[in-house]
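Put chains E, X and V on the given structure of chain W with help from the hints.
Residue numbers (my numbering), protein chains in the order written: chain W, 1 to 125; chain E, 1 to 125; chain X, 1 to 125; chain V, 1 to 125.
Worth flagging that the hints you see were computed from the coordinates, not collected in a lab. Please note that a few of the clues may not be correct.
Note that identical chains are pooled: a pair holds if it fits in a single copy or bridges any two copies.
Unchecked claim - DSS-like mimics (lysine-lysine), calculated; alpha carbons at most 25 angstroms apart, straight line:
id : residue 1 : residue 2
1  : K76       : K111
2  : K61       : K76
3  : K111      : K61
4  : K61       : K36
Number of protein chains: 4
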Amino acid sequence: MQIRVYYEDTDTGGVVYHANYLNFCERARSEAFFAKGITPVLESGHFVARKLNADFYASAKLGDELEITTEFVDMKAASFTLKQVVYKENKKIFELEILLVYITFEGRVQKLDIKSKELILSLFK
Amino acid sequence: MQIRVYYEDTDTGGVVYHANYLNFCERARSEAFFAKGITPVLESGHFVARKLNADFYASAKLGDELEITTEFVDMKAASFTLKQVVYKENKKIFELEILLVYITFEGRVQKLDIKSKELILSLFK
Amino acid sequence: MQIRVYYEDTDTGGVVYHANYLNFCERARSEAFFAKGITPVLESGHFVARKLNADFYASAKLGDELEITTEFVDMKAASFTLKQVVYKENKKIFELEILLVYITFEGRVQKLDIKSKELILSLFK
Amino acid sequence: MQIRVYYEDTDTGGVVYHANYLNFCERARSEAFFAKGITPVLESGHFVARKLNADFYASAKLGDELEITTEFVDMKAASFTLKQVVYKENKKIFELEILLVYITFEGRVQKLDIKSKELILSLFK
Numbered sequence: 001m002q003i004r005v006y007y008e009d010t011d012t013g014g015v016v017y018h019a020n021y022l023n024f025c026e027r028a029r030s031e032a033f034f035a036k037g038i039t040p041v042l043e044s045g046h047f048v049a050r051k052l053n054a055d056f057y058a059s060a061k062l063g064d065e066l067e068i069t070t071e072f073v074d075m076k077a078a079s080f081t082l083k084q085v086v087y088k089e090n091k092k093i094f095e096l097e098i099l100l101v102y103i104t105f106e107g108r109v110q111k112l113d114i115k116s117k118e119l120i121l122s123l124f125k
Numbered sequence: 001m002q003i004r005v006y007y008e009d010t011d012t013g014g015v016v017y018h019a020n021y022l023n024f025c026e027r028a029r030s031e032a033f034f035a036k037g038i039t040p041v042l043e044s045g046h047f048v049a050r051k052l053n054a055d056f057y058a059s060a061k062l063g064d065e066l067e068i069t070t071e072f073v074d075m076k077a078a079s080f081t082l083k084q085v086v087y088k089e090n091k092k093i094f095e096l097e098i099l100l101v102y103i104t105f106e107g108r109v110q111k112l113d114i115k116s117k118e119l120i121l122s123l124f125k
Numbered sequence: 001m002q003i004r005v006y007y008e009d010t011d012t013g014g015v016v017y018h019a020n021y022l023n024f025c026e027r028a029r030s031e032a033f034f035a036k037g038i039t040p041v042l043e044s045g046h047f048v049a050r051k052l053n054a055d056f057y058a059s060a061k062l063g064d065e066l067e068i069t070t071e072f073v074d075m076k077a078a079s080f081t082l083k084q085v086v087y088k089e090n091k092k093i094f095e096l097e098i099l100l101v102y103i104t105f106e107g108r109v110q111k112l113d114i115k116s117k118e119l120i121l122s123l124f125k
Numbered sequence: 001m002q003i004r005v006y007y008e009d010t011d012t013g014g015v016v017y018h019a020n021y022l023n024f025c026e027r028a029r030s031e032a033f034f035a036k037g038i039t040p041v042l043e044s045g046h047f048v049a050r051k052l053n054a055d056f057y058a059s060a061k062l063g064d065e066l067e068i069t070t071e072f073v074d075m076k077a078a079s080f081t082l083k084q085v086v087y088k089e090n091k092k093i094f095e096l097e098i099l100l101v102y103i104t105f106e107g108r109v110q111k112l113d114i115k116s117k118e119l120i121l122s123l124f125k
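Extracted from the complex, chain W is given alone in its bound form (with noise of 0.2 angstroms):
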């Protein structure tokens, strides 16, 4: 997936605000469901981030292009695990391992049936 840098991105810093490569991420992530036509907000529930390790190599600024891949760790009953990289021309800039949740629409965790297991390896395997 391919980002543009835009102002809404950036701080007074000169660069990237640091939480908006979180931003950058969970686009990813969603548009992975939307390129199948659907959304990420399933029938029974949908995923929250319960834990998240970030490593920031280097800024991005204004009308950069930044590419991110997802890659598929591992799953276990109610959530799954996936390490995702933002590059710019091709060298890492920021780093990520999210591990996401699959609750309820009133906010309870679940367990992960077949049908949705089998979704988010076609996804994201």
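For chains E, X and V alone, coordinates are given in the frame of chain W:
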């Protein structure tokens, strides 16, 4: 209402990103509800922006403390209009006139009932 | 310009947060520069919003694909005006008229030189 | 530091968008400087996120009042680490450990001088 300018509010131009003044004004509108122990989400619907005019007179930068005033303009069957001004050191830097329409949770415009009208008047007039 | 609606663009009302339409329009303006291999930051200054009028006709939600058009309205000594429209499935959902002023990096309004005027006309007319 | 949840902080899932907790924590870090009458931009440089670990324990919604605490973890030659916790009604809902590196305005890592080290200790320890 007092608002501090943080990194997230600024852009690479070194000042507050233009659209964020709308966020500041929205905070002031919502805070009027919160201060009464309620939220802007009423029993049968909520409010959405229908029309707005904004003037940008001067800029604000990281660390600035801004003051926002909200003034009632008028009310119609299903909407009301507010005028909001953002000040920096007693100087007007931004001015907004915004028409807010009352809609159902399904998105249809609906008339304000007496209770909702009285609430709006008590909050903003 | 095509824009996808992601989680970050929405709010708890289930639709795109009103101020984010201004972000979408800013992306389209900047993209006009980026597409030419330049940025909106020119040699002697850059552009800031001075005045805008916005109309919200309908809402957009997670996953929607929006189309943005940008039309030149007019140009003065130190400013120019654009009209931008956001469409969802060929239906106009948002319209913006925005007056952009050219300022120095110190924040003073300055006249557009011939080169900058020609650039703006080539980008938006 | 107290933070109110506004519309802009939420997403269509009905809760605070995950990346916005990083914004809340950044506000608390900057506010430590502002409260002393200074900004996080020092004479010879400023701070950028280099690494962070975040845990999301529970969600927050529109109107919630959150409390943020910031605790000093340690300091190295050119960086320091903070632990920040977001509470909702005295319950921990988010926890962040963030490594901040001191860089020049050109983006190079630089050692913290004695004055900057003392400042950081006075603000966060």
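Now for the hints, and whether the structure bears them out:
no., hint, verdict
1, K76 x K111, "within (9 angstroms within a copy, 43 angstroms between copies)"
2, K61 x K76, "neither (37 angstroms within a copy, 27 angstroms between copies)"
3, K111 x K61, "between (40 angstroms within a copy, 24 angstroms between copies)"
4, K61 x K36, "between (31 angstroms within a copy, 17 angstroms between copies)"
The structure fails hint 2 only (numbered hints given earlier).
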